[in-house]
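S.K.: Below are the chains, spelled out letter by letter.
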Amino acid sequence: MLHILKQIAKTGLRTETAPTADETMVVATRLQREIVRALGRALAIRQVDAGSCNGCELEIHALSNPYYNIEGLGIRFVASPRHADMLLVTGPVSRHMAIALKRTYDATPDPKLVVAVGECGCNGGVFGESYASLGRVANVIPVDVEIPGCPPTPTALLRGILAAITSYAPPTPRIEPTATAGALDDASEFSDPPVDAKIAGAP
Amino acid sequence: MNVSPLGISAATLDGVVPTQRCPVNSGQLLAACRLAWEQGGHLTALWLSDDRDRQRGFTLRVLLRDGDGFTMLELALPDERSHFPDLSPIFPAAARMQRAAFDLMGVACDADDQRPWTWQAAWPIDQFPLRRDFDASKSWEPGQEDYAFVRVAGDGVHEIPVGPVHAGIIEPGHFRFQVVGEKVLRLEERLGYTHKGVEKRFESMGVHDAHRLAGRISGDSTVTYAWAYAQAAEAIARCAVPARALWLRALMLERERVANHLGDLGYLGNDGGFAFGLAQFSRLKEDWLRVNASVFAHRFMMDAVVPGGVACDIDDTQAQAMRAQTAALAKEVKVLQDIYDDHAGLQDRIRVCGEVSGELAVKLGLVGLAARGSGVADDLRCDFPAAPYDALPVRAVAHPGGDVAARVAVRFDEIFESLRLIDGLLTSMPDGAVRIELPELPAFRLAIGAIEGWRGPVVIALETGSGGSIRRCHPHDPSWQNWPLLEYAVIGNIVPDFPLINKSFNLSYSGHDL
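Line order of the protein sequences matches chains C and B. Sequential numbering of the first sequence, starting at 53, is according to the working numbering. Sequential numbering of the second sequence, starting at 736, is according to the working numbering.
For reference, chain C alone in the conformation it holds in the complex (with noise of 0.2 Å):
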């Protein structure tokens, strides 16, 4: 027990500042009004791997670790598509995805969002359209905001979907209308605190 809170004291928070939404992402907006009214920032994401390669599933699991923590931005990646507001869909989509990934996208409770992510998430990348490949998430369920990149960095997967939640300003004055700012002094709060000291000398 001893060796696990020294190195964690040792580790300290590596937690970086959150980069800005980034609104040339979205490509459709017909649901961030309803989302940011009814949740504020407090995301639930289902993940769907609808026929990738892997390599953006590397760095969407790198979202949760210390450096992005995405957990600390109040965004969770959820079990259930019942229990999710958005859909972070990897693609190409293969045809024996195509039912799955319409399921998934029907069980997930409205209001919802969709992010394709991947250049083959946004245009079917290297696999294009086949016998065995729809292609692009949009082609088989509405797309709100695609994140390009082969994979797409944490980063750039950040700034999609923090773009998908803020990039407009609720109606409503519960969140105040710069929210895109106060996403990002909240995260700054997590980036250098120093590491406590007492942890660090405890017995």
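It is worth saying that the hints were derived from the structure and are not from the lab. Bear in mind the structure is a predicted one, so any value in this text is a computation, not a measurement. Note that the Cβ used here is the ideal one computed from N, Cα and C, for glycine as well. Heads up, a few of these hints could be off.
[What the hints assert, rightly or not] Some, not all, of what chain B presents toward chain C, calculated at C-beta under 7 Å:
1. Asp847
2. Arg850
3. Pro851
4. Gln855
5. Val900
6. Pro907
7. Asp944
8. Gly954
9. Ala1014
10. Arg1058
Given the structure of chain C, go ahead and fit chain B onto it with the hints provided.
M.R.: Below, chain B alone, put in the same frame as chain C:
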């Protein structure tokens, strides 16, 4: 393997791993497979090619591996009504490969199990995508198949279907558990969900460009696949790659191994209820990937290995930075290894969990990291060392335990060994060019590329057409051999241990489904 007593002639095939090519009839095919099995060899890959345009019908190729290298047996099949003998009684791993070969090429095997494997109703069952007369521009509305899972009957037995959309952030596949209470009586896998037509796609590309596709067969093994592909292309071109390029490839391959092992060790801790492990290892992995990004311009080093060499180079400052990082990481991982070893709760979860005995591993043909966790020390880098591994011998790692703990131990040992290799590669890096132009490629030539990736041996069988085109490219992931073993590893374990056992193998869906 000496095949001459069987009346089989053998020709040498160009390649880094010694390979002989042997035309056989069906009797000889079975005899050669039996002989290989008796001599400790195993099945590496099996695939079909459509050679009807050259008046040769179809060709079945069976790649065996033993201490001498690869033996590629070639059985000519006159037309689509032909069939080939079932090799699964000798090599159980052949079963799914034979089913997948039929799904894509439409030449049947004499096996009892005639269920589809890769096919899941995305195209009509009487159409075969890898045939040359298949219209690749055609597409069909995805249908639904009714797959005949094997059921277990009895008092209190029930079934748990899982997937293809899983609870975690992992690739899609379906698992059908038959359980009593929490105890798993039987697991049956159903894969093929990520089939995206990779082999057919290769045939629309040129040899010079297709390394990008090869590097995306399984993203976590991009360097491995790209190197295996480049190795095959270079064998066909009969060109020698500059030494510096080989050193850089090995540097990237070992960095890929370390990155994946760091990630897996974190998730194995997490799945064992020890979230501290995930936080620590995912931090180390992130540090590692950031150096990849700064040196190789890509966090996973995609598209860095190209036919003829590598698309990147390093300078002294970068080499020094990588050496410093290597030394620091070794210390950090040692601290975490001690914590893992001393943590009673974690050890309780990973010991005697998901066991695969050495005997079963050999019998069913387990390969790569998982095999080394069952005491089978096969490793292409040790068994057939090619530059730079001939100058920098790899110490084979093996742990006989066969449980999750053994696969954890293999990962720790392989990290330390890879860090040692990285340091050695950086200090012995030869000067010179890092890339040559691939000479013109002769048509109708076949070569095998084989690289020991972090998961196990990846094989690419590449055949050229005219004008630098790809006639056939068959990638083979070690997951083909190891997926069936997962079904055995969970028998008698409890359902909540499945994620842990599954993660300890960490097999590729995309590399398997193609």
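S.K.: Is the hint on B:Pro851 kept, meaning its closest Cβ partner in chain C is under 7 Å away?
M.R.: violated, 11 Å
S.K.: Using 7 Å as the Cβ threshold, decide whether B:Val900 counts as touching chain C.
M.R.: holds, 5 Å
S.K.: Restraint: B:Arg850 near chain C, CB-CB cut 7 Å. Satisfied or not?
M.R.: violated, 15 Å
S.K.: Closer than 7 Å between Cβ atoms is the bar; does B:Asp944 clear it against chain C? Give me holds or violated.
M.R.: Given a least distance of 10 Å, the restraint on B:Asp944 is violated.
S.K.: Using Cβ atoms only, decide whether B:Ala1014 comes closer than 7 Å to chain C, and label the hint accordingly.
M.R.: holds, 6 Å
S.K.: Can we keep the B:Arg1058 interface hint, with Cβ of chain C closer than 7 Å?
M.R.: For B:Arg1058, the interface hint is violated, since the closest Cβ of chain C sits about 23 Å away, which is over 7 Å.
S.K.: Can we keep the B:Gln855 interface hint, with Cβ of chain C closer than 7 Å?
M.R.: Status holds, d = 5 Å.
S.K.: Should the hint that B:Gly954 touches chain C count as held when the rule is a Cβ pair under 7 Å?
M.R.: holds, 3 Å
S.K.: Interface hint check: B:Pro907, Cβ to nearest Cβ on chain C, cutoff 7 Å. Holds or violated?
M.R.: At about 5 Å, which falls below the 7 Å cut-off, the nearest Cβ of chain C leaves the hint on B:Pro907 intact, so it holds.
S.K.: B:Asp847 was flagged as interface toward chain C. Is the shortest Cβ-Cβ separation under 7 Å?
M.R.: violated, 25 Å
The structure does not agree with the numbered hints 1, 2, 3, 7, 10 stated previously, though it agrees with the rest.
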